[in-house]
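**Q** Letter by letter, the chains look like this.
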Amino acid sequence: MDTQSRSIPLISRGDGVVIGVAVALLLAVFITLWQPEGHGAEAVVYLNGNRWARLNLFQNQDIKVPGPLGISQLQVRDGKIRFVDSPCPTKLCVHAGWLSQGGESATCLPNHVSVQVLGDDPRFDTINF
Amino acid sequence: MTVTRIIQTTRDDHLIAALTALAITIHIAESALPSPLPGIKPGLANVVTLLVLCRYGWRMAAWVSLLRVLVGSILIGTFLSPTFFLSASGALASVLFLGLLHAFSKTFPKWSVGPLGLGIAAAMTHMTGQFLLAYTLFIPHSGILRLFPVLLALSTILGIVSGLLTRAVLARLNDNPALT
Amino acid sequence: MIKAISRIFLLILIILSLGCSRGPTVYHQQLLVFGTLVDIKLWGVKQKKAEEAVAQLTKDFNYMDHAWHAWHAGPLTRANYFIANQEPFTAPPSILPLIKRGTELSTLSGGLFNPAIGNLMHLWGFESDDPPHGPPPDPRAIQTLVDQKPSMKDLTVDGITIKSSNPGVKMDFGGFAKGYAVDRAIDYLRQVGIQNAVVNAGGDLRAIGSHGDRPWRVGIRHPRKEGILAAVEAKADESIFTSGDYERYFDWKGKRYAHIIDPRTGYPAHGLTSVTVFANQGDLADAAATALFVAGPRVKDWLPIARAMGINGAMLVDSKGNVQMTPGIRDRIHFEVDPPPPVSISEALH
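Residue numbers (our numbering), protein chains in the order written: chain A, 403 to 531; chain B, 10 to 189; chain C, 844 to 1193.
Calculated directly from the structure, the hints in this document are not laboratory data. Here the structure is a predicted model, which is why all the values come from computation and not from measurement. Where a beta carbon is used, it is the ideal one built from N, C-alpha and C, also for glycine. Warning: the hint list may mix true and false statements.
[Unchecked claim] In silico lysine-lysine, BS3-like type, Cα no more than 30 Å apart, as pairs:
{"no.": "1", "chain 1": "A", "residue 1": "493", "chain 2": "A", "residue 2": "482"}
{"no.": "2", "chain 1": "C", "residue 1": "992", "chain 2": "C", "residue 2": "1098"}
{"no.": "3", "chain 1": "A", "residue 1": "493", "chain 2": "C", "residue 2": "1096"}
{"no.": "4", "chain 1": "A", "residue 1": "493", "chain 2": "C", "residue 2": "902"}
{"no.": "5", "chain 1": "A", "residue 1": "466", "chain 2": "C", "residue 2": "889"}
{"no.": "6", "chain 1": "C", "residue 1": "992", "chain 2": "A", "residue 2": "493"}
{"no.": "7", "chain 1": "C", "residue 1": "1096", "chain 2": "C", "residue 2": "1068"}
{"no.": "8", "chain 1": "C", "residue 1": "992", "chain 2": "A", "residue 2": "482"}
{"no.": "9", "chain 1": "C", "residue 1": "1163", "chain 2": "C", "residue 2": "1096"}
{"no.": "10", "chain 1": "C", "residue 1": "1098", "chain 2": "A", "residue 2": "482"}
[Stated by the list, open to error] To be clear about the criterion: a stretch of chain A counts as covered by chain C if any three or more of its residues have a C-beta under 8 Å from a C-beta of chain C, and this derived list gives those stretches:
{"no.": "11", "segment": "491 to 498"}
{"no.": "12", "segment": "502 to 514"}
[What the hints assert, rightly or not] Facing chain A, a subset of chain C residues (Cβ under 10 Å, in silico):
{"no.": "13", "residue": "878"}
{"no.": "14", "residue": "1066"}
{"no.": "15", "residue": "1090"}
{"no.": "16", "residue": "1179"}
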């Protein structure tokens, strides 16, 4: 900073760097800290107790999970996920319906398939049934 | 025979004292404003710090900043209160980082950072320092983390404003050395 | 020098604060054990310690499953064999506590919770790996078993020897084994210094501590429709157990036959779709949910049992969708369905 000069440039090279870093920092901070509250944007599918897939709930898709009894059919639509069909006798998993809130979950026990919606501040930590 | 030492106060001393007083005044005025979290202020007093930094170097700027927070809080009556610590942490973070940039600019003149960049950096580090303290010591609630991006963005805008203001004032002072 | 150090320190602080923005997190693990899905959440525990604790719980659950299994060969089936043949036998250590506690809870429930009716369970097809199916068994076969009046009191425990005075007794602890297992799991977690956890075994859970700065949030599923019926926040040490007619059942000629048998009639209890019990201990909550389900929807039938068993609260849903609750629960429940179901509040429990 040469305070003797008559004119001070609006944006010097150094300023440019600072601005660049500032923008990057702002973006990073928004992305990491600004998760939508409660509503989950992602879900995890467990097969045989292990993480099998991590799904983006805003990417509409149909998933086939290969369990010991057969294929459990999952459906992702507009931020929600559900069991459409499963090779189990009682179909409790299908009965659980659409899951959208962080913490909501459904399980097909006989086929060892389980789905849980992730959420930073989930509406429910655990489901009683 | 007594030797009387006369301490000559220079014009610069006067200016710095005046600027410090100005900074303290702004600090006190800001404390009257409502804010999202206690102690989080726009930081317009930063303009003074930046001016001093650009004209008189880092050491002076650090002094002005420190005095601003100390004296300001004593006058308002918040000395050693949480508000004081928040101001102090913001000022400390800001001043330290400015020192970094200042030294950097001296070493690499081609890449020297101007008032705009300094203003942005000062404001953002000020806000970050305040927030860190608030989060770790006062409200370790994950809920307020969502506030941080917004606060940071706000502080960036204010930083731009204070940087531009500083630049304008600096140009004026440069044009009219007699103004001091 | 100091300047440089303090700047770097500050920079590191900023970077770290962005990285560790979540604070203490929840350790979450699902286990396929104990014939069901056990979902465990631990709060504020270091990764390594959490992994070790869960590994141990897996072993414990597997052990309990084998020891207490009502129809796979093991200590319980062997004990049942001796009882049927009226021979005294040495109580296997793994099931002796179950027998004692089961007897206590059975007495408290006035016999509505009766773990000695294994023969009836078997007759109806609820003691099998295959899904239950109709037709219902012959009424005369049912009556014969009922007339035997099997009860846990028919067992005499003398030191470690057990003798039965009634060959009709067959122990099936399905009505409270999950609760008992969850209690042991919680005990173990506490022993290793974990104070904030939820152990959920197939939908029945016990929560201790909290999720950091807020309680554990529990969603109670709707017995008939899809989705969540109600939300409740768990107390610092609370078990929430639900018995329903939608888990193991078969439909025959338009009627539902579920796995909770009324020991007095020998037929599956009807009138209620689900009972949710709030209590401190899991084994108590489990047994009480079974007992209240058997008691039926009339408050003069279920309230005395709830009082006798010493639970903290209950919520009952009948086949028409009406909800009954104890007063303490009404303030804590938040219905998630719109419109909320019709609710009637019973008298206080204590």
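**Q** Next, verify each hint and record whether it holds.
**A** Cross-check of the supplied hints:
For the given pair, residue 493 (chain A) sits about 19 Å from residue 482 (chain A) by alpha-carbon distance, which is consistent with the 30 Å threshold. A distance of roughly 26 Å separates the Cα atoms of residue 992 (chain C) and residue 1098 (chain C); the hinted pair therefore holds under the 30 Å criterion. Proximity of residue 493 (chain A) to residue 1096 (chain C) is assessed by CA-CA distance (about 20 Å); at most 30 Å being required, the pair is judged to hold. Between residue 493 (chain A) and residue 902 (chain C) the alpha-carbon distance is near 29 Å, which keeps this suggested pair within the 30 Å criterion.
At most 30 Å may separate the alpha-carbon atoms for a hinted pair to count; residue 466 (chain A) and residue 889 (chain C) exceed this at roughly 34 Å. Restraint check for residue 992 (chain C) and residue 493 (chain A): the C-alpha separation of about 35 Å exceeds 30 Å, so the hint is violated. A distance of roughly 22 Å separates the Cα atoms of residue 1096 (chain C) and residue 1068 (chain C); the hinted pair therefore holds under the 30 Å criterion. Distance restraint check for residue 992 (chain C) and residue 482 (chain A): the Cα-Cα separation of roughly 51 Å exceeds the 30 Å cut-off, and the hinted pair is therefore not satisfied.
Taking the CA atoms of residue 1163 (chain C) and residue 1096 (chain C), the gap is about 19 Å. The hint holds against a cut of 30 Å. Restraint check for residue 1098 (chain C) and residue 482 (chain A): not satisfied, since their Cα atoms lie roughly 34 Å apart, outside the 30 Å limit. Counting residues of the segment 491 to 498 of chain A whose CB lies closer than 8 Å to any CB of chain C gives 5, so the stated coverage by that chain holds, three being the minimum. Only residues whose C-beta sits within less than 8 Å of a C-beta in chain C count toward coverage, and the segment 502 to 514 of chain A has 6 of them, enough to reach three; the restraint holds.
Annotation: interface hint on residue 878 (chain C) holds; nearest CB of chain A at approximately 8 Å, less than 10 Å. Look at residue 1066 (chain C): its Cβ gets to within about 8 Å of chain A, closer than 10 Å, so that hint holds up. Hint status for residue 1090 (chain C) relative to chain A: holds, with the closest Cβ pair at about 7 Å, below 10 Å. Because the closest C-beta pair between residue 1179 (chain C) and chain A is about 9 Å apart, less than 10 Å, the hint holds.
Consistency with the previously given hints fails for numbers 5, 6, 8, 10, ordered from lowest to highest.
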